[in-house]
Structures are given as C-alpha cells and as structure tokens.
Amino acid sequence: MKIFFSLLFFTQLIFSELVLEITQGSEDPYSIALIEFSGSKKITNEINSIINTDLLRTGEFKIFRESQLLSIPTNEEDIKFEDFKLLGIDFIITGSLTNEDKFNISASYQVFNVQKEKKIRTSKIFGIPNKLRQLAHYISDGIYEEITGLKGVASTKLLYVTENINDDKIIFNLVVADSDGSNEQILLKSSEPIISPSWSPDSKKVAYVSFETGMAKVFIQTIATGKREMVLENSSQISSPSWSPNGKFLSLTLYQDGNAEIYILNLKNQNLTRLTNHYAIDTESSWSPNGSKIMFTSGRSGSPQLYEINLRKFSSKPKRITFEGNYNAKGSYLSSGEGIVFVHRSENNFQIALKYTNESFIRPLTNSKLDESPSISPNGNVIIYAITENGMSMLSGVTLSGAKFRLPARTGEVREPSWSGFLR
Amino acid sequence: MINIKNVLNKNFFSPFVFLILLNSCSSMNVTEESVYDGGIQTVEASVKDNTSLNYETKAILANATVYFEFDSFKLSSKSIQTLRSAVTAMKENSSIKITISGHADERGTREYNLALGQRRAESVRDYLAVNGVSKSRVLVKSYGEERLIAEGSDESSHSKNRRAEIN
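Going down the list, the protein sequences come from chains E and S.
Going by the UniProt record's numbering, 393 is the number at position 393 of the first sequence; the sequence numbering is gapless.
Going by the UniProt record's numbering, 104 is the number at position 104 of the second sequence; the sequence numbering is gapless.
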C-alpha cells in the first residue's frame, strides 16, 4: 500500500512541471549545425537535447542535427566546410564531455564560423553530476553569446506561482524553475494566495505578497536558506513589492492613508518615504534600470494609466506616460531603458504591449484575451507573461525578434512569472 | 568536495577567465567557467486561523454583500438598501466587530484589483461610519481577484465577483 501511494506522489511531481512548446520562430534565423557531443551517450544525449531546445526557444536559430547534414566531422581538422556552405549553415557547434567521475563533470565546446572556415570560440565548463541541466544551459548561453553578441538567458531562472487542488484543498506554491520550465523547486507552500513575486537584483532573495496572516502582507525570503521576514510587521495591509536596482530599497503599496499609495522602504534602517499623495489608487511600482525613476499605475485620470516619477526631482508631479486606451497597468522598463512593457486593454481584451520611448504609439505583443503580469528577461530580449485559455492559465513568451513559445502546466494553474537576473 | 575553480567562479568575474583571455593570441574567444547553481530551501506558510463571528451576527450580516460596476467602488442605491440592515444590526449589537473584505473580478492586473477591492471595502466602511457605526469596529481588507466566487469569463460571473462582503 505504501509503495503504491509513493508511486502516485512521484508521478504527481513529474506532471506538475512545465512543458516547452515552440509555436513560432523568428523571421531571419541563424542556421547552425549542432554536432552530437562525444562522450558517454546517456549524458551527451541529454546535453544536446537541452542545448537544442534552449537555442530553438530564443527563436533566432534554425538548427541542423546530424541526420540533416551532408557530412559529419569526427574532429576539428576533419570539417568539410563546403558541405555546410551548401546547406546555408552559418556556424557549426562541436563539443565533448571532458571529464566524468562521481563528483565532477566537465564539457568543452567549440564554435566554427563556416564562411570564414575558422574556429571562433573554444570553451570549457566545469560542473557537477546532478547539475547537468545547468551545465547544458551554460553551454547554450555561450553559443548564443558568441553568435549574437548578446547575453543568453538559458541559465537564468523563473519564479512563479502555481495553484493546484489536492483532496479538495487548494494549494498555492511559489516555485523557482529553469528558464525552460524544468527543474521546478518549491520555495513556499501555502493554503492562502501568493501574488506579486519579485527577485532581488542579486537573485538571492525574493519578495512576494502572501495572504497567510489573513490579509496581504509582503515577505522577503532568502532562497538558499528559506529564511523569511515579514516587511513592516506592525503595519496593516501591504502589497506590490519592487526592488531598487541596487537592492537597498523596496518600493511598496500601503493602504493606511485611506487609499493605495506608494512608499519606499530603506531595507537597512527601515525608514519609509512616501512617494505618492493622491486620493486615487497608486500601485504596481517598478524601478528604472539606473534607479532614477519609478513607474507606477494610477487611477488619477479616471482609469488605470502608467505614470513616472523622477526620484531625483522628488517634489515634481508624476508624469503620465500612457495615453492610448483606457487601461494601462503593471509597467516595467526594458533593461536598455529604451521603452516599457505593460498590460494594455484593447476593446475587451487584456494584452501585453510594448512602447518605445521614442515612439508615440503602442505595439501589442500578444493577442489573446486575458494576458497579464509580463516580466522581461535580463537581456531584455524575451518577455514572459501569464495567459488564460479555456479557463486554464499558463505561461507564454515572446521574443523581441518575433518568436513565440509556451510553457503549459500539465496540472493546475501557473501565473505571475518573474524573471531572475543573470546568474553566470 | 569543493573544487578550487568552483570557489573562484562563484563571483561574477573569475581571475581564471581573465588570464586565459589575456594570454590568447588568436582572435578566437577562449573561456572557462564553473556552473554555479545554489540550493533552494522549501518553506511552508503558517496560515492563521481567523476568528469568526458568533452565530447570530453571522446570520444577520451574511446577506449584506454588495456589488459594484467594473473599475468602480461607488455604492449603488441597491447596495445602500442592502447595507441598511447591516447598520441596524451593528447598532443593536454595539459590541460586535466586523471585517469587510473587498473583491474584484479577474480582469486586469492583480495588484490594481487588490487596491480596487480595498476601495470597495472602504466604501462600505465609510457608509457605515456616516450612519453611526464607529470605524474602530470595522476592519477592512482586500482579496483583489484572489477569491473568486464565480469561475466563468462572462459578464454574469464577473459581476458576481465585484463585491464587498461582511464577515
């Protein structure tokens, strides 16, 4: 009987992981040949498979595997570049497992430029056996960086909330997973809702809103130790936490003034500074990449719109920055500072939209009915958000290069994604 | 077993990488790094058991739920009628304290809906206060869209969710 139950539990764990589904690629991808890594087949198969998926997900690559090639090199000197030029391939990736024992695993990989007929990168990655996925993600990022010149996000993490029903009871989990939705680990389990999770700038802590005490309160939890502290324990309701880029401040929404107002908390000395002062709702604060401005959602014009406060000109009035449509909320800045991403209501649909600072119009990025909580990858290239389809919620992503992918949950619901910073 | 290279590479920049890059004389990019994947600790939230009202007051106040228009926290005349009995009940039993929880439908962002739910609950508290029920007897909080009562995506479901309840 016991064995039966533990088997059931095990399968439950497997099915709660997310599954990658790539629905659309970019218009002008790089063509690359991914040669199977040499070494113990069981390990290299998994590594190659993860690299393949990681690179496909960026939407910027068309990947040729061995079966699609005219010739397969067995070593560096052996590469027949003509065979690759014929297929229109731009780069070749080769690699091998260089060491494998009980405690260490390492791999090396090489990138060749086909046109130049030259090796342009050789890299070595040191890892440990039970962190195989992360090793593969590091390789994917190295390949991505060499070819595109941009930092990759395969080795970064996602933070999100899941909701499941177990035995008629609702369970909320705050979860950390790899950027492809695998390797889910639970940070917090609760029978009450968890919302607004957000990473600290060094990606070592998370802040979130939990209803476990009977009302919305903000907690900060250290990932490695599980240590938690409630923010402003003696205050009443608090929500919408957002970290300053230097990690020293947390902007929050407090409700003590009779309506939602934004405050900034100095995490070291616990000093609170009030930022907004208006009878309308002011919430969903988020900091600009250099920490000089805070964007927030305010109902002061009659409906939710995005506003900006320059922290260096404290007393100046918040500046309204969205004018199209009657619902614009939950804004966040692109890491380059070139624009913002937010939730925009168009007719009766809530979608994720992008607005560049030097343009006056909004660019819709998604097109279903109930898209919410966008979060931008640290390289500014990918936006992940929650979508509701057929009554089920799941995570979906778009890259600025036009690719789309989906991470559907196999059981329960998934929402409120937040992308970590770079971990390498 | 801790590998020296692992320790060095825990920080963002590793002396190893710099050394190798400096020594490389071709135009090829040569790098070395160690995978760092810190551990994660799971914690369980300790959910408070909320004290509920006594039997009588529950019965009296149970039907005092009021509803709102989209993105609004204004009390309709129907709501005001509903609340009249709540006012009477509160005045007759001057010792009871209540909690008003505000809610929103699932459309729009969660935090904005949390604030909207709060405004709705406050509208009810303000109405009670204007009619002689002291604010000190009324606790106000919001669940935003986190406690939907109707699961559908149609207006009929949405309208059931845009509410303030007395518990």
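Check each hint, because a few of them may be wrong.
Unchecked claim - Straight-line distance between alpha carbons at most 27 angstroms, and here's what the computed DSS-like set of lysine-lysine pairs gives: (1) E/189 x S/74; (2) E/189 x E/151; (3) S/141 x E/217; (4) E/102 x E/62; (5) S/141 x E/169; (6) E/217 x S/91; (7) E/85 x E/42; (8) S/160 x S/74; (9) E/369 x S/97; (10) S/78 x E/169; (11) E/293 x E/151; (12) S/48 x E/205; (13) S/91 x S/141; (14) E/169 x E/119; (15) E/42 x E/169; (16) S/141 x S/78; (17) E/217 x S/97; (18) S/78 x E/189; (19) E/131 x E/116; (20) E/217 x S/160; (21) E/217 x S/74; (22) S/135 x E/217; (23) E/169 x S/74; (24) E/227 x S/48; (25) E/204 x E/169; (26) E/217 x E/131.
Claimed, not checked - What follows is a set of in silico ranges between Cβ atoms, one per label pair, in the way DEER data are often shown: (27) E/300 x S/131: 49 to 55 angstroms; (28) E/120 x S/157: 38 to 44 angstroms; (29) E/313 x S/131: 33 to 39 angstroms; (30) E/257 x S/77: 24 to 30 angstroms.
What the hints assert, rightly or not - To give an idea of the chain S side of the interface with chain E (calculated C-beta under 8 angstroms), a few residues: (31) 40; (32) 41; (33) 71; (34) 75; (35) 89; (36) 92; (37) 115; (38) 135; (39) 137; (40) 150.
Just so you know, these hints were derived from the structure itself, not from any lab.
Even glycine gets a Cβ: it sits at the ideal position worked out from N, Cα and C.
Hint by hint, here is what the structure shows:
Proximity of residue 189 of chain E to residue 74 of chain S is assessed by CA-CA distance (about 36 angstroms); at most 27 angstroms being required, the pair is judged violated. For the proposed pair residue 189 of chain E and residue 151 of chain E, the alpha carbon gap of about 33 angstroms is over 27 angstroms, so the pair is violated. Of the pairs offered as hints, the one joining residue 141 of chain S and residue 217 of chain E holds, with about 11 angstroms between alpha carbons and a cut-off of 27 angstroms not exceeded. Taken as a hint, the residue 102 of chain E and residue 62 of chain E pair is broken in the structure, with Cα atoms around 35 angstroms apart against an allowance of 27 angstroms.
Distance hint between residue 141 of chain S and residue 169 of chain E is fulfilled; the C-alpha atoms sit about 23 angstroms from each other, no more than 27 angstroms. Proximity of residue 217 of chain E to residue 91 of chain S is assessed by CA-CA distance (about 32 angstroms); at most 27 angstroms being required, the pair is judged violated. At roughly 31 angstroms between alpha-carbon atoms, residue 85 of chain E and residue 42 of chain E are farther apart than 27 angstroms, so this suggested pair is violated. Distance check on the hinted pair: residue 160 of chain S and residue 74 of chain S sit about 16 angstroms apart at the alpha-carbon level, within 27 angstroms; holds.
This hinted pair does not check out: residue 369 of chain E and residue 97 of chain S have alpha carbons roughly 41 angstroms apart, beyond 27 angstroms. Restraint check: the Cα-Cα separation between residue 78 of chain S and residue 169 of chain E comes to about 35 angstroms, which exceeds 27 angstroms; the hinted pair is violated. Between residue 293 of chain E and residue 151 of chain E the CA atoms are separated by roughly 25 angstroms; this keeps the pair inside 27 angstroms, and the hint holds. A hinted pair counts as satisfied when its Cα atoms are at most 27 angstroms apart, and residue 48 of chain S with residue 205 of chain E qualifies at roughly 24 angstroms.
A hinted pair counts as satisfied when its Cα atoms are at most 27 angstroms apart, and residue 91 of chain S with residue 141 of chain S qualifies at roughly 22 angstroms. Of the pairs offered as hints, the one joining residue 169 of chain E and residue 119 of chain E is violated, with about 57 angstroms between alpha carbons and a cut-off of 27 angstroms exceeded. For the proposed pair residue 42 of chain E and residue 169 of chain E, the alpha carbon gap of about 40 angstroms is over 27 angstroms, so the pair is violated. With a C-alpha separation of about 22 angstroms, the suggested pair residue 141 of chain S and residue 78 of chain S falls inside the 27 angstroms cut-off, and the hint holds.
For the given pair, residue 217 of chain E sits about 22 angstroms from residue 97 of chain S by alpha-carbon distance, which is consistent with the 27 angstroms threshold. For a cut-off of 27 angstroms, the pair hint linking residue 78 of chain S to residue 189 of chain E is broken: about 40 angstroms separates their Cα positions. Using a Cα cut-off of 27 angstroms, the hinted pair residue 131 of chain E and residue 116 of chain E is violated, with the two alpha carbons roughly 35 angstroms apart. In summary, the hint linking residue 217 of chain E to residue 160 of chain S is supported, as the alpha carbons are separated by about 26 angstroms, within the 27 angstroms threshold.
Of the supplied pair hints, the one linking residue 217 of chain E and residue 74 of chain S holds, its CA atoms being roughly 26 angstroms apart against a limit of 27 angstroms. Distance restraint check for residue 135 of chain S and residue 217 of chain E: the Cα-Cα separation of roughly 22 angstroms lies within the 27 angstroms cut-off, and the hinted pair is therefore satisfied. Using a Cα cut-off of 27 angstroms, the hinted pair residue 169 of chain E and residue 74 of chain S is violated, with the two alpha carbons roughly 34 angstroms apart. For the hint linking residue 227 of chain E to residue 48 of chain S, the alpha-carbon distance of about 19 angstroms falls within 27 angstroms, and the restraint holds.
Among the hinted pairs, residue 204 of chain E with residue 169 of chain E is inconsistent with the structure: their alpha-carbon atoms are about 31 angstroms apart, more than 27 angstroms. Our distance criterion of 27 angstroms between C-alpha atoms is broken by residue 217 of chain E and residue 131 of chain E, whose separation comes to about 35 angstroms. Range check, residue 300 of chain E to residue 131 of chain S: Cβ separation about 29 angstroms, and the 49 to 55 angstroms hint is violated. For the pair residue 120 of chain E and residue 157 of chain S, the supplied restraint of 38 to 44 angstroms is violated, since their beta-carbon distance comes to about 57 angstroms.
A hinted range of 33 to 39 angstroms for the beta carbons of residue 313 of chain E and residue 131 of chain S is inconsistent with their spacing of about 44 angstroms. The hint said 24 to 30 angstroms for the Cβ distance between residue 257 of chain E and residue 77 of chain S, and at roughly 28 angstroms that hint holds. Annotation: interface hint on residue 40 of chain S holds; nearest CB of chain E at approximately 4 angstroms, less than 8 angstroms. Contact between residue 41 of chain S and chain E, as hinted, is supported at the beta carbon level, the nearest pair being about 3 angstroms apart and thus within 8 angstroms.
Annotation: residue 71 of chain S was flagged as interfacial toward chain E, and the flag holds, the nearest CB pair being 6 angstroms apart, inside 8 angstroms. Hint status for residue 75 of chain S relative to chain E: violated, with the closest Cβ pair at about 16 angstroms, above 8 angstroms. A distance limit of 8 angstroms between C-beta atoms decides the matter here; for residue 89 of chain S the minimum to chain E is near 23 angstroms, and the interface restraint is violated. Hint on residue 92 of chain S is violated. Least Cβ distance to chain E is approximately 27 angstroms, over the 8 angstroms limit.
The beta carbon of residue 115 of chain S comes within 4 angstroms of a beta carbon in chain E, closer than 8 angstroms, and the hint placing it at the interface holds. Hint status for residue 135 of chain S: violated, given a least beta-carbon distance of 11 angstroms to chain E, over 8 angstroms. Below 8 angstroms, beta-carbon pairs count as interface contacts, and residue 137 of chain S has none with chain E, the closest being about 16 angstroms; its hint is therefore violated. Below 8 angstroms, beta-carbon pairs count as interface contacts, and residue 150 of chain S has none with chain E, the closest being about 12 angstroms; its hint is therefore violated.
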